[in-house]
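Residues per chain are reported as follows:
Protein chains: 4
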Amino acid sequence: MKIGFIGLGHMGAPMARNLLKAGHQLVVYDIVKDAVEKIAAAGAVAAASPSAVAASSVEMLITMLPSSPHVRSVYLGQHSILAGAKPGTLLIDCSTIDPHTARDVAFDAKAKGLSMLDAPVSGGTGGAEAGTLTFMVGGEPRDFETARPVLARMGKNIVHCGAAGNGQVAKLANNMLLAISMIGVAEAMSLGVALGIDAKVLAGIINTSSGRCWSSDTYNPYPGVMDNVPASRDYIGGFGANLMLKDLGLATDAAKLAGQPVVLGAAAQQMYQMFSNQGHGNMDFSAIIKLFKPK
Amino acid sequence: MKIGFIGLGHMGAPMARNLLKAGHQLVVYDIVKDAVEKIAAAGAVAAASPSAVAASSVEMLITMLPSSPHVRSVYLGQHSILAGAKPGTLLIDCSTIDPHTARDVAFDAKAKGLSMLDAPVSGGTGGAEAGTLTFMVGGEPRDFETARPVLARMGKNIVHCGAAGNGQVAKLANNMLLAISMIGVAEAMSLGVALGIDAKVLAGIINTSSGRCWSSDTYNPYPGVMDNVPASRDYIGGFGANLMLKDLGLATDAAKLAGQPVVLGAAAQQMYQMFSNQGHGNMDFSAIIKLFKPK
Amino acid sequence: MKIGFIGLGHMGAPMARNLLKAGHQLVVYDIVKDAVEKIAAAGAVAAASPSAVAASSVEMLITMLPSSPHVRSVYLGQHSILAGAKPGTLLIDCSTIDPHTARDVAFDAKAKGLSMLDAPVSGGTGGAEAGTLTFMVGGEPRDFETARPVLARMGKNIVHCGAAGNGQVAKLANNMLLAISMIGVAEAMSLGVALGIDAKVLAGIINTSSGRCWSSDTYNPYPGVMDNVPASRDYIGGFGANLMLKDLGLATDAAKLAGQPVVLGAAAQQMYQMFSNQGHGNMDFSAIIKLFKPK
Amino acid sequence: MKIGFIGLGHMGAPMARNLLKAGHQLVVYDIVKDAVEKIAAAGAVAAASPSAVAASSVEMLITMLPSSPHVRSVYLGQHSILAGAKPGTLLIDCSTIDPHTARDVAFDAKAKGLSMLDAPVSGGTGGAEAGTLTFMVGGEPRDFETARPVLARMGKNIVHCGAAGNGQVAKLANNMLLAISMIGVAEAMSLGVALGIDAKVLAGIINTSSGRCWSSDTYNPYPGVMDNVPASRDYIGGFGANLMLKDLGLATDAAKLAGQPVVLGAAAQQMYQMFSNQGHGNMDFSAIIKLFKPK
Numbered sequence: 001m002k003i004g005f006i007g008l009g010h011m012g013a014p015m016a017r018n019l020l021k022a023g024h025q026l027v028v029y030d031i032v033k034d035a036v037e038k039i040a041a042a043g044a045v046a047a048a049s050p051s052a053v054a055a056s057s058v059e060m061l062i063t064m065l066p067s068s069p070h071v072r073s074v075y076l077g078q079h080s081i082l083a084g085a086k087p088g089t090l091l092i093d094c095s096t097i098d099p100h101t102a103r104d105v106a107f108d109a110k111a112k113g114l115s116m117l118d119a120p121v122s123g124g125t126g127g128a129e130a131g132t133l134t135f136m137v138g139g140e141p142r143d144f145e146t147a148r149p150v151l152a153r154m155g156k157n158i159v160h161c162g163a164a165g166n167g168q169v170a171k172l173a174n175n176m177l178l179a180i181s182m183i184g185v186a187e188a189m190s191l192g193v194a195l196g197i198d199a200k201v202l203a204g205i206i207n208t209s210s211g212r213c214w215s216s217d218t219y220n221p222y223p224g225v226m227d228n229v230p231a232s233r234d235y236i237g238g239f240g241a242n243l244m245l246k247d248l249g250l251a252t253d254a255a256k257l258a259g260q261p262v263v264l265g266a267a268a269q270q271m272y273q274m275f276s277n278q279g280h281g282n283m284d285f286s287a288i289i290k291l292f293k294p295k
Numbered sequence: 001m002k003i004g005f006i007g008l009g010h011m012g013a014p015m016a017r018n019l020l021k022a023g024h025q026l027v028v029y030d031i032v033k034d035a036v037e038k039i040a041a042a043g044a045v046a047a048a049s050p051s052a053v054a055a056s057s058v059e060m061l062i063t064m065l066p067s068s069p070h071v072r073s074v075y076l077g078q079h080s081i082l083a084g085a086k087p088g089t090l091l092i093d094c095s096t097i098d099p100h101t102a103r104d105v106a107f108d109a110k111a112k113g114l115s116m117l118d119a120p121v122s123g124g125t126g127g128a129e130a131g132t133l134t135f136m137v138g139g140e141p142r143d144f145e146t147a148r149p150v151l152a153r154m155g156k157n158i159v160h161c162g163a164a165g166n167g168q169v170a171k172l173a174n175n176m177l178l179a180i181s182m183i184g185v186a187e188a189m190s191l192g193v194a195l196g197i198d199a200k201v202l203a204g205i206i207n208t209s210s211g212r213c214w215s216s217d218t219y220n221p222y223p224g225v226m227d228n229v230p231a232s233r234d235y236i237g238g239f240g241a242n243l244m245l246k247d248l249g250l251a252t253d254a255a256k257l258a259g260q261p262v263v264l265g266a267a268a269q270q271m272y273q274m275f276s277n278q279g280h281g282n283m284d285f286s287a288i289i290k291l292f293k294p295k
Numbered sequence: 001m002k003i004g005f006i007g008l009g010h011m012g013a014p015m016a017r018n019l020l021k022a023g024h025q026l027v028v029y030d031i032v033k034d035a036v037e038k039i040a041a042a043g044a045v046a047a048a049s050p051s052a053v054a055a056s057s058v059e060m061l062i063t064m065l066p067s068s069p070h071v072r073s074v075y076l077g078q079h080s081i082l083a084g085a086k087p088g089t090l091l092i093d094c095s096t097i098d099p100h101t102a103r104d105v106a107f108d109a110k111a112k113g114l115s116m117l118d119a120p121v122s123g124g125t126g127g128a129e130a131g132t133l134t135f136m137v138g139g140e141p142r143d144f145e146t147a148r149p150v151l152a153r154m155g156k157n158i159v160h161c162g163a164a165g166n167g168q169v170a171k172l173a174n175n176m177l178l179a180i181s182m183i184g185v186a187e188a189m190s191l192g193v194a195l196g197i198d199a200k201v202l203a204g205i206i207n208t209s210s211g212r213c214w215s216s217d218t219y220n221p222y223p224g225v226m227d228n229v230p231a232s233r234d235y236i237g238g239f240g241a242n243l244m245l246k247d248l249g250l251a252t253d254a255a256k257l258a259g260q261p262v263v264l265g266a267a268a269q270q271m272y273q274m275f276s277n278q279g280h281g282n283m284d285f286s287a288i289i290k291l292f293k294p295k
Numbered sequence: 001m002k003i004g005f006i007g008l009g010h011m012g013a014p015m016a017r018n019l020l021k022a023g024h025q026l027v028v029y030d031i032v033k034d035a036v037e038k039i040a041a042a043g044a045v046a047a048a049s050p051s052a053v054a055a056s057s058v059e060m061l062i063t064m065l066p067s068s069p070h071v072r073s074v075y076l077g078q079h080s081i082l083a084g085a086k087p088g089t090l091l092i093d094c095s096t097i098d099p100h101t102a103r104d105v106a107f108d109a110k111a112k113g114l115s116m117l118d119a120p121v122s123g124g125t126g127g128a129e130a131g132t133l134t135f136m137v138g139g140e141p142r143d144f145e146t147a148r149p150v151l152a153r154m155g156k157n158i159v160h161c162g163a164a165g166n167g168q169v170a171k172l173a174n175n176m177l178l179a180i181s182m183i184g185v186a187e188a189m190s191l192g193v194a195l196g197i198d199a200k201v202l203a204g205i206i207n208t209s210s211g212r213c214w215s216s217d218t219y220n221p222y223p224g225v226m227d228n229v230p231a232s233r234d235y236i237g238g239f240g241a242n243l244m245l246k247d248l249g250l251a252t253d254a255a256k257l258a259g260q261p262v263v264l265g266a267a268a269q270q271m272y273q274m275f276s277n278q279g280h281g282n283m284d285f286s287a288i289i290k291l292f293k294p295k
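Chains as they are written, first to last, in the working numbering: chain A, 1 to 295; chain B, 1 to 295; chain C, 1 to 295; chain D, 1 to 295.
Be careful, since some hints might not be right.
If several chains are the same, the list does not tell them apart, and a pair holds so long as it fits within one copy or across any two.
[Said to hold, decoys possible] Here are the computed lysine-lysine pairs in the BS3-like style, where the Cα-Cα straight-line distance is at most 30 Å:
{"hint": "1", "residue 1": "Lys2", "residue 2": "Lys290"}
{"hint": "2", "residue 1": "Lys200", "residue 2": "Lys295"}
{"hint": "3", "residue 1": "Lys256", "residue 2": "Lys200"}
{"hint": "4", "residue 1": "Lys156", "residue 2": "Lys295"}
{"hint": "5", "residue 1": "Lys256", "residue 2": "Lys295"}
{"hint": "6", "residue 1": "Lys110", "residue 2": "Lys200"}
{"hint": "7", "residue 1": "Lys2", "residue 2": "Lys256"}
{"hint": "8", "residue 1": "Lys293", "residue 2": "Lys21"}
{"hint": "9", "residue 1": "Lys293", "residue 2": "Lys38"}
{"hint": "10", "residue 1": "Lys112", "residue 2": "Lys38"}
{"hint": "11", "residue 1": "Lys246", "residue 2": "Lys293"}
{"hint": "12", "residue 1": "Lys290", "residue 2": "Lys246"}
{"hint": "13", "residue 1": "Lys38", "residue 2": "Lys246"}
{"hint": "14", "residue 1": "Lys256", "residue 2": "Lys290"}
{"hint": "15", "residue 1": "Lys290", "residue 2": "Lys112"}
{"hint": "16", "residue 1": "Lys110", "residue 2": "Lys38"}
{"hint": "17", "residue 1": "Lys246", "residue 2": "Lys256"}
{"hint": "18", "residue 1": "Lys246", "residue 2": "Lys33"}
{"hint": "19", "residue 1": "Lys200", "residue 2": "Lys86"}
{"hint": "20", "residue 1": "Lys110", "residue 2": "Lys256"}
{"hint": "21", "residue 1": "Lys110", "residue 2": "Lys293"}
Read the hints as simulated data drawn from the structure, not as lab findings.
Just chain A, same shape as in the assembly (with noise of 0.2 Å):
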C-alpha cells in the first residue's frame, strides 16, 4: 500500500522503517532533512510538504509529531495536509496531544470529507523499533478496521478506545495514573526500607498484595529489586521524565477543562516540574524516586 508518513523522529523513524520492511510504499516529510535523507536512502520518496505528502495518491497518511500546536500546523494550516488530501485518504496522527485539539481537527477533516484517527502510541523508543507498541485509537469502528493492519506492522496491541480523541483520552488517563502509581511506589518503598525492611523482600509483599501495580511489579523504581529495569542502570534510557511531565501537562489541562478534579494527578505533576528543574528531565520517570531519599 502506499502510505504518507510525517515527522521522521526518535518515534517516528523507527515506525516507518517497519512500514517499509514490511512492503510498504512511503512517501515521507520532516522540517529536519537529515532525518529524511535517512529513510529516502532505506526507499521512501521524500515530498516537499505536508500538501505534498497528502496529495501524492497515498492511501493513507500517518503522521508523529511533538505537540498539539504542530499538529494544528500541520493538518490545518499552510501547505498542509488537508490542502493538500484527496477525499477517501485516510489520516492516522500518532501525536500525543490534547483530545480536543485531537477532535478539532478530526472535525475539520471530517468537513473535507476525509476519515481521521488519532492514534497515540505507548512502549517508547523501544517498542517503536521492535515493532511491539500499544496504539490507543479513537475514530469510526470501520475507519479502525482499516488501519489495524497497517499499525499491526508497528505494533503487537491495537486497540480502538471509541470515537475520535477517545485514543488521547485513554492514553492521558493510563499514563496519570502511571505517574501516580510510580511515585506511590516510590514512596511506598522509600518508607519501609527506611523503616528497615529489605526493598526486595517488600517488593515481593506488594506485588502479592493490593499494592500490586505495573509500576512495582514490572518497573520497580527501586535499585537493586529487579532487573533490567532503568532504576538497575542509573534510569538511563527508558521514558524521560520530561516525557511523563508533558503528559501530565495534557491530563491536567484536560481535567481543568472538563471541570474534574485531579488533586493526586496535579499533585504528580508537580513533582515532576520540581524534579525536572533539579536537572533530572532525561532520566527515566521512575527516577523520581529520588525526591524521596532518606535524611
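Dock chains B, C and D against chain A, hints included.
Coordinates of chains B, C and D only, in the frame set by chain A:
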C-alpha cells in the same frame, strides 16, 4: 495445641473459631463479656485477664486488638500478658499498629525471655471467616517457622518480612500504596469518562497497560465496570474508608518519625479524612471516587 | 474625552457608567443588546461591532471581557478592534486573562501602530460600582501615564507593573497567593477550634503574629469572627468561588508554560474545583472553609 | 521573686538571664553542666534535679524543653517537678509541644494541687535575647494574671488563649498558617518573576493587595526584595527550616487526633521534610523558596 487468644472482635472471633475447628484448645479473653461467651459456647475456655490467659500453660498466645495503646496496655500494663507469661511462650500480635510500638513490646518481651512476632493481616472479615487471610510477619525465623502451621489455619498466605516490626512496616507500606492507587484509579476513571470514553473500555485499556493495578483490575471503584466489587453494590461491605484512614494515619506517623517524605501518601490521608468527615467513613474505601464527581 | 468601551457585563457596566459620570463621551458595544440599551439610556452611543467602536474616532478604547478566547476574538477576529482602529488609539484591556494572550494581542496591536495596556482589576462588582477598583497595568510607561487619569475615574489604586502582560502576571500571582492564604486560614481556624480554642481569640492571636494575612485580618472565613464579611452572611456576595477557580486555572496554566512548580497553588486549584463540583461555586470564595468541617 | 528555671538551651538561657537582670532569684537545672555553670556565673543557684528545683521554695517554676517526651519526663518521671513541688507553686511550661501532652501534664499537676500554664513563645533567639518574645498562654485566668508580670520581663506580647493547652493550640495553628503562607509567597514570587515581572514591583503590589501577609511584607523570601531578612543574607539565622518542620509535625499530629483535614498543612509538612532531607534544614525557613527554582 493449647493456644491463648485475646481480642474477639469482628476479626478476632472468626480467627479464633477457625483455630477451634482445627482442633486446637483455646483459652480466651476480651473485655466484652458477650464476645467471650459466644466463643466459649463453641468450646473455648474463658480466662479473667490477659495475664490469666498467659499463665494458663498456653504454648502460643495470639492477640488481635484495635490500636497501639490497646497493645501496650494488654502486653505491658497491669494484669498484662508479660505479667503472666512463662518463658518459652510464643507471643503473636495480629493487630495493625505502628512499627515502633511493635518493636518496643517485642523488646520488652525478649527481656522477659519471651519470643514475639508481629503478624498483621489483610483480607478483612471475609478472609477471617474463610480462613484466607494474608499474614505479614516480623520476628525471628525460628519463631516464624513455629507459628506458620497455626497461622495457616487462619490464612493462606503467610509471609516472613524480616525482624520484629517488619510485619507492620510491610502492611502500612502496602496499604499506603493501595490508597494512592485507589485514588489514582478514581481520578483517572472519572477524568476519562468526563472526557467521553466508556468506563469499561477505559478500564480494559488501563488493565493491559502501564496503569494496571489491583485497584483497577480487581477492585475497580467505577460503578458498573466490575461485578462483585463494592462499587457494584453502593460501596457496602469491603474494607471501610475509616479503616483505610487509620492505616494512612499509621503510615504518615511512621514516615514522620523516620523523617521520610510521603507527598502522595499525606495527600491520600487528607482525602480520606475529608471523605470521612463528609459522613462516608463506613463505606468501602473505593467509595473515595465520590470526591471526584463531575460538576 | 471620547472613549470606546466594549464588554458591559457585571463589571463593565458600572465601570462605563463611572466614565459617563466623569463627563466622558462613550461609544459602546456588547453582544447582549439589553446591556447596550441600558448604558445608551445613560448617554452612551451604541456601535454595531468592535471594529465600528474602534473606527469612531475614539482616543482610548477599553475592553472588559470574560476570558482569553473572547479577547482574541474581539481584538483579532472578524470585525475586530484591530480591523477598525486608527494609529494612535490607546487600547486598554481590563479582562483577567493569561499573560501569553495579553502579550500576543499587544504584539499584534503594536504591529499596526497601536499602543496597548493590559489592566486587570481587583475589587469586584462593589469596587466597580464605587469606583474604587485596583488596576494592575502592564505596558509602556508613557501609555500608562496617558491612561492613568481615565482609570482613576474607575479605581483608586492604579499600579504600573512593567511591560506588556505584567498586569496579568501581577494579578494571577496575587490571586494564587490569596487562594492559598484563604485555604490556609480556613484550615488553621478549623483546626484551632476543633482543638478547643475560641475562634475570635485565635483570630486575634494570628492577626498580631506571623500568620497574619488579608484572609485572616480583613476577610476571615470563620463565621462570627468578623462583621461585614461574607462569612457573616452565609457567604453570599463577595468574590465567587468559581471566579477564584478561573484565576487559579490561569495561574496554573501560566506556571505550566513557564515550567514553574506551584505545589500549593495546584492543590488550591484542585480544592476549588472539588468545592465547585459539590455545588458551591456561586458562594464567596471564603466558603472553601466548608471543605474543612469537623467530623 | 524566687523562680525555678529548667532548660537552659538557646532559648532558655537568654530568657533566664533576663529574669536575673530584672532582679529575680533563680534556681536552675539543665542536663548540660556547662549551660548551668554559665548561668550560675551570672548569679543563679544550681540544683541537682528538676525535683530539687521544685523543692527549693520557688513561687514559680518555668521550663523550656525541646519536645513532648522531655516535658513528660521532667514533669512526671523520676526526680521530676511533680515529685518535688509544693502546693501553690505556679508551673509554666514554655516548650512548644502537642496540646494533648500539655493538657495531660496540667491535669496531673492539678491533681497534686499545683497550677500550671502552657506558654509557648514565638520570636526566636533574637526575641529571647532582646526580651521581646510573644507568649501564647493557656490556663486559668487567675494564674495568667499572676504570671504576666514575670513573663513581661522576657517578652512584650503576653496573650491569654483560654484553658490549658490553648497556648499550644494557638502556636501550632499560627505556625501551620505561617508555613503555608511562606510557601505561597515563595510560589507566587517565583512564578511572577519567571513570567517577567520585577520581584520588588510584584512584592509591592501583593503587599497592598489581597495577597498581603507577614511572609510577603515583613519576611519576604525572594532575595533582594527586602533588607535585613534572611533572604538578604543567604538564609542564615532566623527560624530554622527544621524547627518549622517540627511545628508542622505537631500541627498535623494534632489534626489527625482531632480528625480534622489540613490539606495544605500536610502538603507544607511534606515540602519541609523534602527540603530538610536535601540538606537545608539549618537554613532559615524562608529558604523553602529554593524548591521552586526555575528550570
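Hint check results:
1. Within a single copy, Lys2 and Lys290 get their C-alpha atoms no closer than 47 Å, and across copies no closer than 50 Å, so neither meets the 30 Å cut-off.
2. In this homomeric assembly, Lys200 and Lys295 come within 30 Å of each other (Cα to Cα) only inside a single copy, at 21 Å, whereas the closest approach across copies is 35 Å.
3. In this assembly of identical chains, Lys256 and Lys200 lie within 30 Å of each other by CA distance solely across copies; the values are 23 Å between and 39 Å within a copy.
4. Taking identical chains as interchangeable, the C-alpha atoms of Lys156 and Lys295 are never at most 30 Å apart, the minima being 44 Å within one chain and 37 Å between chains.
5. For the homomeric pair Lys256 and Lys295, the shortest alpha-carbon distance between copies (11 Å) is at most 30 Å, but the shortest distance inside one copy (36 Å) is not.
6. In this assembly of identical chains, the alpha carbons of Lys110 and Lys200 lie at most 30 Å apart only when taken from different copies (27 Å versus 53 Å within one copy).
7. In the homo-oligomer, the alpha carbons of Lys2 and Lys256 never lie at most 30 Å apart, since the shortest distance is 40 Å inside one protomer and 40 Å across protomers.
8. In this homomeric assembly, Lys293 and Lys21 never come within 30 Å of each other (Cα to Cα): the closest approach is 46 Å inside a single copy and 47 Å across copies.
9. Taking the shortest Cα distances, Lys293 and Lys38 never come within 30 Å of each other, neither inside one copy (43 Å) nor across copies (40 Å).
10. Within a single copy, Lys112 and Lys38 get their C-alpha atoms no closer than 33 Å, and across copies no closer than 44 Å, so neither meets the 30 Å cut-off.
11. Taking the shortest Cα distances, Lys246 and Lys293 sit within 30 Å of each other both inside one copy (24 Å) and across copies (19 Å).
12. For a Cα distance limit of 30 Å, the shortest separation of Lys290 from Lys246 qualifies both inside one copy, at 19 Å, and across copies, at 23 Å.
13. With identical chains, the CA atoms of Lys38 and Lys246 are at most 30 Å apart within one copy only, with a shortest distance of 28 Å there and 48 Å across copies.
14. Taking the shortest Cα distances, Lys256 and Lys290 sit within 30 Å of each other both inside one copy (29 Å) and across copies (18 Å).
15. Taking the shortest Cα distances, Lys290 and Lys112 never come within 30 Å of each other, neither inside one copy (50 Å) nor across copies (42 Å).
16. Taking the closest pair of Cα atoms, Lys110 and Lys38 never come within 30 Å of each other, the shortest separation being 33 Å inside a single copy and 44 Å across copies.
17. In this assembly of identical chains, Lys246 and Lys256 lie within 30 Å of each other by CA distance both inside one copy and across copies; the values are 15 Å within and 10 Å between.
18. With identical chains, the CA atoms of Lys246 and Lys33 are at most 30 Å apart within one copy only, with a shortest distance of 26 Å there and 43 Å across copies.
19. When the C-alpha separation of Lys200 and Lys86 is checked against a cutoff of 30 Å, the pair qualifies neither within a copy, at 58 Å, nor between copies, at 36 Å.
20. Only within a single protomer do Lys110 and Lys256 lie at most 30 Å apart by alpha-carbon distance; the minimum there is 27 Å, versus 32 Å between protomers.
21. Proximity of Lys110 to Lys293 under the C-alpha cut-off of 30 Å is found in neither arrangement, the shortest distances being 51 Å within a copy and 33 Å between copies.
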